[in-house]
Amino acid sequence: MARDGGFFKRLTKGLSKSREQLNEKLETVFAGKKEIDEELLEELEEILITSDIGFETTQELIETARKQLRRKDINNPESLKQSIKNQMVSLLKPREGRLPIDDLPIAPYVIFFAGVNGVGKTTTIGKLAKNLKARDKKVILAAADTFRAAATPQLALWGEKAGVDVIAHQDGSDPSAVVYDAIQSAQHRLADFVLVDTAGRLHTKKNLMEELKKMCRVADKVMPGAPHEKLLVLDATNGQNALMQAKQFHEAIGLTGLILTKLDSTAKGGVILQIAHEFDLPIYLIGVGEGAEDLQNFDAEAFVQAMF
Amino acid sequence: MFDTLTERLNTVFKKLKGQGKITEENVREAMRQIRLSLLEADVHYKVVKSFVATVQEKAIGVEVLSSITPGQQIVKIVHDELVELLGTRHTQLRLTGVPPYPVLLVGLQGSGKTTTIAKLAHMLKQGGKHRPYLVPADVQRPAAIDQLTALAKQIHAPCYPSKTSDNPVRIAEKAIQEATRAGCDVVLIDTAGRLQVDEPLMAELQKIKEAVNPSDILLVVDAMTGQEAVKVAEAFNERLDLGGVILTKLDGDARGGAALSIKAVIDRPIKFVGIGEKIEDFEPFHPDRMASRILGMGDVLTLVEKAQEAFDQKQVEKFEKKLKKNSFTLEDFRDQLQQIRKMGSLESIMSMIPGMQKLKGKQNLQLDEKELVKVEAIINSMTRKERLNHAIINGSRRKRIARGSGTTVQDVNNLIKRYVQAKKMMKRFSKMGKRKNFGKGSFPFPV
Ligand SMILES: Nc1nc2c(ncn2[C@@H]2O[C@H](COP(=O)(O)OP(=O)(O)OP(=O)(O)O)[C@@H](O)[C@H]2O)c(=O)[nH]1
Ligand SMILES: Nc1nc2c(ncn2[C@@H]2O[C@H](COP(=O)(O)OP(=O)(O)O)[C@@H](O)[C@H]2O)c(=O)[nH]1
Ligand SMILES: [Mg+2]
Ligand SMILES: [Mg+2]
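Taken in order, these protein sequences are the chains called A and B. Position 161 of the first sequence, counting from 1, maps to 161 under our numbering, and the rest follow consecutively. Position 333 of the second sequence, counting from 1, maps to 333 under our numbering, and the rest follow consecutively.
One or more of the hints may lead you astray.
[What the hints assert, rightly or not] With beta-carbon atoms standing in for the labels, derived distance ranges:
hint	chain 1	residue 1	chain 2	residue 2	range
1	B	Thr180	A	His188	29 to 35 Å
2	A	Thr64	B	Lys153	56 to 62 Å
3	A	Glu96	B	Gly61	52 to 58 Å
4	B	Asp198	A	Gly97	26 to 32 Å
5	B	Arg181	A	Ile106	56 to 62 Å
6	B	His390	A	Thr64	34 to 40 Å
7	B	Gly406	A	Leu190	37 to 43 Å
8	B	Ile392	A	Glu251	36 to 42 Å
9	B	Glu371	A	Glu278	25 to 31 Å
10	B	Ala203	A	Glu160	27 to 33 Å
11	A	Asp136	B	Gln140	26 to 32 Å
12	A	Ile106	B	Gln140	34 to 40 Å
13	A	Gly97	B	Gly406	26 to 32 Å
14	B	Ala203	A	Arg189	33 to 39 Å
Treat the hints as calculated values from the structure; they're not laboratory data. Glycine included, C-beta positions come from ideal geometry on N, C-alpha and C.
With the hints as extra help, turn the sequences into a complete structure.
This is the structure in structure tokens:
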């Protein structure tokens, strides 16, 4: 195939057409259309799948639209577009969540940040710390990633930027011990929040998932009921694997919420629709950049709007 | 969640038993399944479309060999095409011209560039072949310089003392001079992660390229990347004319369709893969393994190789003989489990076995360390006769074994079920271990 060039030729042709189309939004594809035909539905399928929504969910969205079409509930491209958007919003709306920042049920409120490697856990903690500090909260960061090279100085720099204390041990030490120390000193210092940075780990690694469970148990030992939040950080540039991540982390530690990062990229993070469908977990925050200010509440309408 | 393609095609072709030729009609449903499977693996929508069209064209009219089923035949065609597209041979790092050879690593945030620099350096150092020099030119991410400096220390390689206040282009230029002075021959330059749409940062990369004239430029991509991979690869390639790609985090269960998408749109070789967080978790890229993985058929060859490393050769031969005669007993099963533990975490091994992804969720295949202790206790409570022939273990024997090992009859049942499964599976991959290349006609995957 590479030999005769057939595949590449076809592909290049396809992509040069799609190069514009890849960046094209639902709006533009639908703009010139007067009626709903198979071609339009196929273009819709392409837009949805290239947003990482996944094959199954895409089919479900389109199938529902087809039903509405047959019932004449929708009859033009504009209403088809609206139908897809509405379906997405109604999937995501119930998942909008807010951390109880100003009405903490208990203090210190201990929040774990978990996730696979490189998704943005540490950065999210840095941003949130800055945010909380600006709202006059007393925050302590726990450098419980004792594995990755320079994970502690990375968090320490964020701590400095935010003006909050960081509890850290030596590289390679037991992360549970850091959790223990951090909660204890937060109790002594009457802190409002303990944000626990954990090492990135693939959900398929049994021993690392056990380590994470142990960290939860230790937190509960120092302060019964802790951690109060166990958040999974997901990277919007990830595809279908994010679903496996959610599944395995939830099974291991019982998540209480989600964070979706890197939404400033051109990736749409559509897999979150599937996750919202399968797990009753609030989506608390989204990351939209590397700066301290690039953290936002998750808003279903805004998210869907940005997707297209 | 991911059904294996083979299982799906099996269903499709059940209806078609006895047909001698692949026709346009009977191939259509198969193509639908292939499309679905590739999309689930995160291969880009457009790439899937072209790929399926090509495969369909090739498949129609093909005689179905009498020894296999149409389903097998189609998977073979798909697999061969995938391997061909992914690149048939391994491509080395490009080190040409006058040393020191600068090598630039680029990519999105968190894709694994810094870690990969250390892995590359470690690999180059092996056997005293090269003297790598590491250069932290990421002044964006907090403590990125510390990160690379710490890694350099771990592998005893010199590292340029960058400061966050320095300009990355200047760092790269000066580092080359330093490397020359230090007598190093490869200069590995770590850059800050950036979005391909970040104009100033992309321009900065171009300036670094102009300043040091790299011998090789590699795009580091996370194996979990979704549909976005195409845009990222296109943009970085357009800007920098990449020499190749490194795929990281393949130690997880991502199907890694991004590899195919990228190869298809920029046609640059995937040179290496990252398979863990440790320095030595790094390998040359194997297109045939990647093809199996994208199709959801498991990373069987990697598994076989790992097994070969962990087992000494004599034992492997003994084991293979047993498998061939299908005389793999519960006693062997116990020994194997102990051997397997030497290969790494059970979870990662299981994830490499075809069909395991799906089975993993099921209770009877969840193997954890505690379980192993139980397994040993159960097998130890059997008589030798029982261990050599599990078929004689009836109800009352099961009760006795459960009592003896402090477990339940349910546990004993599970173990026997698992053993029978393993026996089947071991038989399957022992067959494949002998065929390094999927030569024409030698179809390794039973459909
Ligand atoms: N563009 C963009 N980059 C981000 C965002 N969040 C984090 N990053 C970047 O992604 C990279 C990885 O972020 P980290 O916070 O170190 O991720 P982590 O999950 O702690 O990584 P490990 O601890 O190594 O597993 C860094 O370069 C961050 O600057 C985001 O919302 N947008
Ligand atoms: N499991 C796994 N983790 C990896 C691999 N390569 C890198 N990482 C991890 O991914 C995270 C980000 O890596 P880093 O090198 O800092 O990425 P960079 O931002 O591109 O420089 C770190 O936690 C690394 O330990 C790999 O092949 N497998
Ligand atoms: Mg981190
Ligand atoms: Mg880095």
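Going down the list of hints, with the structure as the test:
no., hint, result
1, B:Thr180 - A:His188: 29 to 35 Å, "violated, 54 Å"
2, A:Thr64 - B:Lys153: 56 to 62 Å, "holds, 57 Å"
3, A:Glu96 - B:Gly61: 52 to 58 Å, "holds, 54 Å"
4, B:Asp198 - A:Gly97: 26 to 32 Å, "holds, 30 Å"
5, B:Arg181 - A:Ile106: 56 to 62 Å, "holds, 59 Å"
6, B:His390 - A:Thr64: 34 to 40 Å, "violated, 51 Å"
7, B:Gly406 - A:Leu190: 37 to 43 Å, "violated, 49 Å"
8, B:Ile392 - A:Glu251: 36 to 42 Å, "holds, 37 Å"
9, B:Glu371 - A:Glu278: 25 to 31 Å, "holds, 27 Å"
10, B:Ala203 - A:Glu160: 27 to 33 Å, "holds, 30 Å"
11, A:Asp136 - B:Gln140: 26 to 32 Å, "holds, 30 Å"
12, A:Ile106 - B:Gln140: 34 to 40 Å, "holds, 37 Å"
13, A:Gly97 - B:Gly406: 26 to 32 Å, "violated, 45 Å"
14, B:Ala203 - A:Arg189: 33 to 39 Å, "violated, 46 Å"
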